[in-house]
Every structure is written in C-alpha cells, then in structure tokens.
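J.: Let chain A serve as the given structure and place chain B on it in line with the hints.
Protein chains in written order, with this note's numbering: chain A, 663 to 869; chain B, 663 to 869.
Be a bit skeptical, because a hint or two may be false.
Since the list gives no way to pick one copy over another, a pair counts as held whenever it fits inside one copy or between any two copies.
Within a straight-line C-alpha distance of at most 16 Å, the following computed EDC-like cross-link-like pairs (lysine to aspartate or glutamate) qualify [as the list claims (entries may be wrong)]:
| hint | residue 1 | residue 2 |
| --- | --- | --- |
| 1 | K698 | E862 |
| 2 | K766 | D831 |
| 3 | K698 | D668 |
| 4 | K800 | E690 |
No lab work stands behind these hints: they were computed from the structure.
This one's a predicted model, so the numbers in the text were calculated from it and none came from an experiment.
Protein chains: 2
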Amino acid sequence: MLRLYDSRLSGNSWKIRILLSQLGLAYERVTLDLQKGETREPAFGQISRFSRVPVLVLDDGRPIVESGAILLHLARGTPYLPDDPYLQAEVMSWLFFEQADLQKAIAIPRVLHLHGLAQERQQDIERLRVDGYAGLEKLDQWLRGRTWLVDTHYTVADLALSAYVSLADQGGYDMTRFAGIRDWLVRVRAQRGWVPLTPEAGQASES
Amino acid sequence: MLRLYDSRLSGNSWKIRILLSQLGLAYERVTLDLQKGETREPAFGQISRFSRVPVLVLDDGRPIVESGAILLHLARGTPYLPDDPYLQAEVMSWLFFEQADLQKAIAIPRVLHLHGLAQERQQDIERLRVDGYAGLEKLDQWLRGRTWLVDTHYTVADLALSAYVSLADQGGYDMTRFAGIRDWLVRVRAQRGWVPLTPEAGQASES
Chain A
663 MLRLYDSRLS
673 GNSWKIRILL
683 SQLGLAYERV
693 TLDLQKGETR
703 EPAFGQISRF
713 SRVPVLVLDD
723 GRPIVESGAI
733 LLHLARGTPY
743 LPDDPYLQAE
753 VMSWLFFEQA
763 DLQKAIAIPR
773 VLHLHGLAQE
783 RQQDIERLRV
793 DGYAGLEKLD
803 QWLRGRTWLV
813 DTHYTVADLA
823 LSAYVSLADQ
833 GGYDMTRFAG
843 IRDWLVRVRA
853 QRGWVPLTPE
863 AGQASES
Chain B
663 MLRLYDSRLS
673 GNSWKIRILL
683 SQLGLAYERV
693 TLDLQKGETR
703 EPAFGQISRF
713 SRVPVLVLDD
723 GRPIVESGAI
733 LLHLARGTPY
743 LPDDPYLQAE
753 VMSWLFFEQA
763 DLQKAIAIPR
773 VLHLHGLAQE
783 RQQDIERLRV
793 DGYAGLEKLD
803 QWLRGRTWLV
813 DTHYTVADLA
823 LSAYVSLADQ
833 GGYDMTRFAG
843 IRDWLVRVRA
853 QRGWVPLTPE
863 AGQASES
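So here's chain A without its partners, still in its complex pose:
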C-alpha cells in the first residue's frame, strides 16, 4: 500500500491527499509533527533527502519527494494529466511557477501568522508579499475568461495552484481583488473527491 508522510498543516502535503482521494487510492498516512522536529530526524532523512514533507512511499518501498513530482507521478495516465505532450508541458509550467513564485511567498507569511509571529516579522512578511502579489496577479489575469488553467478541464495544475492560493488569506493577503481566482477556487473545491486541509476546515466551509 502507498504511504504518505505529511504534516497537519502542510499545503504541499494537502495537494497529495486531494489527488489520492480523487484517484480513489488507499494509503497509509503518517503525520509528522514539525514543531517537534520530526522531519529533521536522521531516520526521516533516509526517506526524504530534503528532510521535508510530503514524501510518497510506493508499494515497493521507493520514496518520491517534492509535491510536484509526486502529483505528476500519480496523475500520469489519468484524466488529471493530459496525454498530449504540449498540454503536459503547460501543466508542468504551472507547477514550476507555483513552487518558484507562489509557494514560499504564501506559506511563510501564513506560518508566521499561525504561530503569532506576524508582528515581530512584519518586514519579512511585507517583502514576501510583494513577490506573492505579483504572482497572484499573473494567475488572476490568466483565469479571467478561462475555466481551468490548462485546456478545457481540471488537471493537477488547478489542484497544485489552488492549495496555497486558497490559504493566502491566512497569511494576511487581501484576496478580494482577485475575482478570477475567487471564482476558480469555487470550481476547484466542487471537484469530485476534493478534500479540505483539515476536518475542521471542511466543517467551517460547510457552515
């Protein structure tokens, strides 16, 4: 059986749980405690050469690291990744953009807010938000007049981009200015098999 190493609030790990759910794949979930330093333990370093979650361990025991690589591996041959080489390149370009331009710019302010360090680290947060807003602006422009990021249906590009983007308000981003993103996030969350980050988040969005 597949085994997923994740952490409770990791957006990159959340992406993998969404896709596993959408593909109907059973897996064992091992949730590490980042506060206790469990990703820095040497035994975990043997599984993840970058000492971080997510890691997907295949049936045969081989690990795959980096959320983008895991998503593309799982989606191969399914409706979540087009077979056409050009469309695959389009999907990949969004995944690289997200990791290079959006992920840290959203994740770091979010973690600082969640840990009550936002005031103390205000300067770092503002610097990251300059990059983050620039990336969000490009994403929003692309989505205005389009239903999905690539071609005519939901792919792992929509899945991968929507995760941290949907958490940006937790990092103090004003998302009201991005109408294209807002409407697209509603469509993403309505996809069959989509799961919330935490059970509580699911309850909150239903209430």
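T.: Here is chain B on its own, set in the frame of chain A:
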C-alpha cells in the same frame, strides 16, 4: 524552426541552450535586454504569460514557458530523460527543488553583485544565502559517493541543477566547502555538447 527567447546572463535560459546543443537541434535565438525592460513589453506578454525568459516557441508557434517544463519537453524520449516512471519522478523532484530552493537564492545575490548593488543590499543577500547554503549542503551530501543525481548517467537533472550552482560564486557564495559539487561540476562540463553561458565564459574556462 524552434525559437528561443532568452537573455544574455539568464541561467534558466542557459539551461535550454545547453540541452538544445546536446540534442543537436537548430534554433533561432532572440536575446532580450532585461535592462531595457524588453520582457515587460505587452507583445512579449502574449508569448510569456509570466513575462520572463526563457520561452521556447515550437515549430507550430505554440510557446512553452518555465525552464523546467521546457527541459522536460525537449528531453522526452531522449537519453537525457529516463523512460522509467520512477526515475522520471526522481529527475522532476530535483528540478522542482532547484526552482524552489536554489534558483532565487543564487540568482538574486548574483544579479546584485553583477550590478554593483551588493553592498547596499547586503542584508537581503545574507538572508538569501542562508537558504542557498542549506540547499547547496543537501545537494553536496547527495553527490558525495554518486556520479550523477539520478541513476547512473547524466540527465536533465544534472543539467538543470548545475547551471545556477556553477554561478553561485558570482553571488559571493564560498563554494570551496562543497567537494561533492565541485567534482560533479567538472563531470557536467565535460559532457558532449555542453556550452558555456557566454562565449567569454568559455574562453575564461579554457585559459
């Protein structure tokens, strides 16, 4: 014919020129001047949704953006990307790691040094170097005792990781501590078809 939009000093564009050379593919090169703002012109925005180089325009006029997506597209079906799905995932995990953890941490200090702004922006540079050294340390650890990043031969993972890493000293990184990286860079540069970033850089390394 393929057309590559690049800039003279862009490490991400350099990666594409190396692979095109190694694959023996002819292409038209359009070198934009970043200082003149040529990547921010609306006409270029129609080609690159992220308004940056590199962009590879295919024979049929369709553009591919993001260096990782371009490399994977060109390498598909060649010896530079393994066919095996697990090994492909390994290559991709390195490409994502480079874009998320190394590229900006190396490229920004380098640009500031090249533009004579290193002293003025010393604090930003030092902050970026903390991330950059952490990433370089992981890469170096992996390379000690290995010849190539994935499996037993040179792939686009080696190509993609080596570009900015080989430029890190231009951003003030002390690379003498990374013996694994140093030896691997020698092997990468010895690969058939490898080309230097600029003709001058090629002369310098030969002299």
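J.: Each of the hints needs a verdict: does it hold here or not?
T.: Right, here's what the structure says about each hint:
no.: 1; hint: K698 with E862; verdict: neither (22 Å within a copy, 50 Å between copies)
no.: 2; hint: K766 with D831; verdict: within (14 Å within a copy, 24 Å between copies)
no.: 3; hint: K698 with D668; verdict: within (14 Å within a copy, 45 Å between copies)
no.: 4; hint: K800 with E690; verdict: neither (37 Å within a copy, 27 Å between copies)
In summary, the structure is inconsistent with hints 1 and 4 from the numbered list given earlier, while agreeing with the others.
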